[in-house]
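Novice: Protein chains in written order, with my numbering: chain A, 125 to 710; chain B, 3 to 195.
Calculated directly from the structure, the hints in this document are not laboratory data. Don't be surprised by glycine CBs; every beta carbon is placed ideally from N, CA and C. Each hint should be verified, as a subset may be incorrect.
[What the hints assert, rightly or not] Below, a list of computed lysine to aspartate or glutamate pairs in the EDC-like style, where the Cα atoms sit at most 16 angstroms apart: (1) K435/A <-> E69/B; (2) K435/A <-> D64/B; (3) K320/A <-> D429/A; (4) K77/B <-> D429/A; (5) K73/B <-> E460/A; (6) K13/B <-> E134/B; (7) K320/A <-> E460/A; (8) K23/B <-> D262/A.
[What the hints assert, rightly or not] Partial selection, computed: residues in chain B whose CB lies under 8 angstroms from chain A: (9) S28; (10) R29; (11) G32; (12) A36; (13) I79; (14) D80; (15) V81; (16) I82; (17) D117.
Here's the letter readout for the chains.
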Amino acid sequence: MAVKTSGARIVLECLKREGVDTIFGLPGGAVLPLYDALYDFEGLRHVLVRQEAAAGHAAEGYARTTGKVGVCLVTSGPAATNLVTALQDAYMDSIPIVALTGQVPTHLIGNDAFQEADNCGITRPCTKHNFLVKDGKDLGPIIREAFHIASTGRPGPVHIDLPKDILVKETELVWPDKVQLRSYNPNYDGHPGQIKKAARLMVQAHRPVLYVGGGVISSDAHAELLELAELTQIPVTTTLMGLGAFPSEHPLSLEMLGMHGTYYANMAVHASDVLVAIGARFDDRVTGKVEFFAPEAEIIHIDIDPSSISKNIQVHVPIVGDCRRVLRALIDAVREEMGGGVPSLAGEARQQWRAQIAQWREKQPLRYEWDDTLIKPQYVMQEISNLTRGEAYVVTGVGQHQMWAAQYYKFKYPRRWCTSGGLGTMGYGLPTAMGVQAAHPGKLVVNIDGDGSFAMNSQELATCFTENLPVKTVIINNSGHGMVRQWQRIIYKERYCAIDLPGIPDWVKLAEAYGCVGLRVTKPSELAPAIEKMLATPAPVILDVCVDKDECVFPMVPAGGANTDMILTPPTREVREKAAKSQTGF
Amino acid sequence: MSNGNGSEPRKHTIAILVENKFGVLSRVAGLFSARGYNIESLSVGETLDPAVSRMTIVVHGDEFVIEQVTKQLHKLIDVIKVSDLTDDNHVERELVLIRVNAEPQHRAEILRTADIFRAKVVDVTAATFVLEVTGEEGKLDALIELLKPMGIQELVRTGKVAIARGPKARAKKVEPVKRARVSDDPRVVGFAD
Numbered sequence: 125m126a127v128k129t130s131g132a133r134i135v136l137e138c139l140k141r142e143g144v145d146t147i148f149g150l151p152g153g154a155v156l157p158l159y160d161a162l163y164d165f166e167g168l169r170h171v172l173v174r175q176e177a178a179a180g181h182a183a184e185g186y187a188r189t190t191g192k193v194g195v196c197l198v199t200s201g202p203a204a205t206n207l208v209t210a211l212q213d214a215y216m217d218s219i220p221i222v223a224l225t226g227q228v229p230t231h232l233i234g235n236d237a238f239q240e241a242d243n244c245g246i247t248r249p250c251t252k253h254n255f256l257v258k259d260g261k262d263l264g265p266i267i268r269e270a271f272h273i274a275s276t277g278r279p280g281p282v283h284i285d286l287p288k289d290i291l292v293k294e295t296e297l298v299w300p301d302k303v304q305l306r307s308y309n310p311n312y313d314g315h316p317g318q319i320k321k322a323a324r325l326m327v328q329a330h331r332p333v334l335y336v337g338g339g340v341i342s343s344d345a346h347a348e349l350l351e352l353a354e355l356t357q358i359p360v361t362t363t364l365m366g367l368g369a370f371p372s373e374h375p376l377s378l379e380m381l382g383m384h385g386t387y388y389a390n391m392a393v394h395a396s397d398v399l400v401a402i403g404a405r406f407d408d409r410v411t412g413k414v415e416f417f418a419p420e421a422e423i424i425h426i427d428i429d430p431s432s433i434s435k436n437i438q439v440h441v442p443i444v445g446d447c448r449r450v451l452r453a454l455i456d457a458v459r460e461e462m463g464g465g466v467p468s469l470a471g472e473a474r475q476q477w478r479a480q481i482a483q484w485r486e487k488q489p490l491r492y493e494w495d496d497t498l499i500k501p502q503y504v505m506q507e508i509s510n511l512t513r514g515e516a517y518v519v520t521g522v523g524q525h526q527m528w529a530a531q532y533y534k535f536k537y538p539r540r541w542c543t544s545g546g547l548g549t550m551g552y553g554l555p556t557a558m559g560v561q562a563a564h565p566g567k568l569v570v571n572i573d574g575d576g577s578f579a580m581n582s583q584e585l586a587t588c589f590t591e592n593l594p595v596k597t598v599i600i601n602n603s604g605h606g607m608v609r610q611w612q613r614i615i616y617k618e619r620y621c622a623i624d625l626p627g628i629p630d631w632v633k634l635a636e637a638y639g640c641v642g643l644r645v646t647k648p649s650e651l652a653p654a655i656e657k658m659l660a661t662p663a664p665v666i667l668d669v670c671v672d673k674d675e676c677v678f679p680m681v682p683a684g685g686a687n688t689d690m691i692l693t694p695p696t697r698e699v700r701e702k703a704a705k706s707q708t709g710f
Numbered sequence: 003m004s005n006g007n008g009s010e011p012r013k014h015t016i017a018i019l020v021e022n023k024f025g026v027l028s029r030v031a032g033l034f035s036a037r038g039y040n041i042e043s044l045s046v047g048e049t050l051d052p053a054v055s056r057m058t059i060v061v062h063g064d065e066f067v068i069e070q071v072t073k074q075l076h077k078l079i080d081v082i083k084v085s086d087l088t089d090d091n092h093v094e095r096e097l098v099l100i101r102v103n104a105e106p107q108h109r110a111e112i113l114r115t116a117d118i119f120r121a122k123v124v125d126v127t128a129a130t131f132v133l134e135v136t137g138e139e140g141k142l143d144a145l146i147e148l149l150k151p152m153g154i155q156e157l158v159r160t161g162k163v164a165i166a167r168g169p170k171a172r173a174k175k176v177e178p179v180k181r182a183r184v185s186d187d188p189r190v191v192g193f194a195d
């Protein structure tokens with residue numbers, strides 16, 4: 125007869141069997157049995173965060189940069205509701221995490237017990253799937269299913285609610301050999317006929333563009349993407365989530381597209397005759413006004429999630445499947461289509477296309493005006509990029525700094541970039557960076573944050589210090605909510621409302637209060653030495669960079685506008701008035 | 003519920019096979035409510051396999067909306083199969099129970115009407131009848147209209163259940179929607195300069 129053990133121990137044993145080595149969490153009444161079991165359980169590192177959302181974001185950082193499932197563990201009620209933001213964040217960006225929450229004992233569920241909340245009801249719309257465990261025998265199968273669901277198909281967060289009595293009661297561990305869900309069978313291989321059709325379109329195209337999203341990173345398809353791009357000589361633009369899927373400095377790279385994308389990426393997509401969307405979902409921050417997005421293009425869309433296809437933009441060649449497998453097949457199909465040579469690729473039309481893109485790039489490169497006295501945020505990004513050679517793990521908060529980081533950090537590799545793309549969660553930076561650092565001890569993790577965004581989870585400096593996670597945070601300090609200020613300036617006629625954060629707290633002192641190192645620079649000449657000092661410091665560091673607070677992110681497409689309606693430089697009054705007329709808000 | 007893509011909104015009858023687990027109904031209903039869509043009717047019950055339930059949902063929408071709804075339904079882990087029965091040859095039925103005033107001068111007429119509609123009298127008192135009737139929406143509406151003058155005290159409808167005729171439902175095809183061309187966009191003029 126099998127040995128009986130507590131549900132709590134079964135949970136930990138199951139996590140270990142799933143290959144989990146790190147859990148991000150915070151204890152509380154309902155999960156105390158789990159923490160008690162953790163006391164002498166071998167092989168699981170627990171990182172104690174200071175607020176539950178941080179546990180979720182840390183799990184996201186862990187997952188995004190390792191390709192494994194991130195795990196977080198919090199208690200019932202308020203802990204679970206705190207976690208909701210991280211769950212929705214992971215859901216929007218398709219990040220595989222398994223979130224464990226405590227729940228009041230089964231006999232009290234629904235009785236308004238202390239620290240009770242309808243966790244499953246609350247997380248249902250912001251997870252890929254969720255479970256309430258009602259019998260200890262189900263723990264093994266449910267945990268297996270949870271990891272399977274989180275990591276396969278379109279990845280996403282899965283939540284398991286664990287009532288306290290289930291964790292206490294002794295039962296046998298049931299561990300199924302494999303997971304089989306009759307209702308869940310993601311389609312991995314694209315339809316061969318569609319792939320052939322796509323290959324033909326790509327070879328025959330005169331003005332093709334590859335539009336690449338986070339799906340390429342999730343499916344580890346960057347090598348295939350590079351091969352396809354070089355084979356077909358098609359330029360590549362990536363979304364915010366797709367940064368790193370294609371080397372930023374590759375000659376075929378158009379860098380990011382969309383609201384704050386490059387002029388040349390947006391113009392190329394707009395003028396394209398064949399647009400190949402790979403693991404991207406036509407987010408409104410990418411498309412701008414949908415009627416005018418790539419209006420001439422035959423659109424090929426490769427995505428593992430059928431519901432993403434033709435959701436925002438009607439697609440001509442849908443291919444449902446895993447990006448890596450589909451790209452592999454597409455490369456073969458393109459080779460076959462090209463026969464021995466590459467006549468259509470070398471043709472006059474393609475040459476004109478390359479020349480046109482080069483012209484756009486030359487006319488409107490990413491640029492900013494240098495200033496000898498004020499630090500320009502773009503310059504900070506360039507220096508971080510140079511001094512880390514594009515090899516650091518980079519995490520951001522949400523706001524202007526996020527867009528500048530996306531524009532100016534030159535990525536060489538995938539899985540080195542974590543940012544809150546879909547939900548736009550301020551405060552995402554530090555906790556996510558902690559998760560990345562826990563997953564990659566000894567590696568350089570840089571959190572580029574804004575003063576407004578960083579303030580939202582700055583308590584996690586304590587976690588960085590006590591858990592030995594030497595995250596380097598660069599605060600792009602413009603004494604306010606910069607992106608909101610930018611919108612109020614450009615679209616709301618400079619009616620600045622509720623955006624000032626006048627230097628409180630003193631970030632250097634705050635860093636020191638948490639046992640971290642604090643540095644500050646106010647002049648351009650001080651920047652590079654300070655970054656070098658930060659990189660050389662083996663402890664968590666805050667580098668407070670006081671930047672030009674009037675600097676705005678350009679290019680910019682006002683919300684609801686067409687991508688060709690880019691504002692490229694600080695707007696004149698005339699442009700502001702025009703934008704004010706067409707504004708549709710955030 | 004039109005996105006202005008050309009197809010007219012209309013009623014769709016969608017059949018869904020789901021795992022018979024708690025929370026499934028809420029997941030399905032949540033898909034609609036989260037998008038601000040109103041479900042016209044929803045009925046659910048076990049199938050031959052007690053581990054599987056079948057839902058029949060009636061929802062109003064154009065082709066685009068319905069395509070999204072069915073794709074999103076497919077995406078739910080507990081959903082086994084989704085079929086849109088609307089354009090298939092299918093049978094739809096609804097059950098209604100009606101408590102109607104039965105004054106002496108109306109009793110005969112109510113019974114005659116019930117007979118015509120093949121309604122059954124399932125409860126009788128000196129002052130009321132409860133009628134049970136099944137059928138398509140139009141038939142039930144017609145009966146209700148006829149009974150209204152007698153005074154309907156209470157009425158309960160189940161919502162529709164539907165099943166395809168013949169061996170199998172056909173797959174639905176959604177036509178691509180036309181998008182704007184460059185020439186339609188005044189702003190693109192001269193973009194290549």
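Novice: The structure should be examined with respect to each hint, and the outcome stated for every one.
Specialist: Evaluation of the provided hints:
1. K435/A <-> E69/B: Holds. K435/A to E69/B sits at ~9 angstroms (cutoff 16 angstroms).
2. K435/A <-> D64/B: holds, 14 angstroms
3. K320/A <-> D429/A: This hinted pair is violated, its Cα atoms lying about 20 angstroms apart.
4. K77/B <-> D429/A: holds, 8 angstroms
5. K73/B <-> E460/A: Since the Cα atoms of K73/B and E460/A sit roughly 33 angstroms apart, the hinted pair is violated (cutoff 16 angstroms).
6. K13/B <-> E134/B: It is violated: about 25 angstroms lies between the C-alpha atoms, which goes past 16 angstroms.
7. K320/A <-> E460/A: Cα-Cα ~9 angstroms, so holds.
8. K23/B <-> D262/A: holds, 14 angstroms
9. S28: S28/B check passes; min Cβ-Cβ to chain A is 6 angstroms, inside 8 angstroms.
10. R29: holds, 6 angstroms
11. G32: holds, 6 angstroms
12. A36: holds, 6 angstroms
13. I79: holds, 4 angstroms
14. D80: Holds - the Cβ of D80/B comes within 8 angstroms of chain A, reaching about 6 angstroms at its closest.
15. V81: holds, 6 angstroms
16. I82: holds, 4 angstroms
17. D117: violated, 45 angstroms
The earlier numbered hints that this structure contradicts are 3, 5, 6 and 17.
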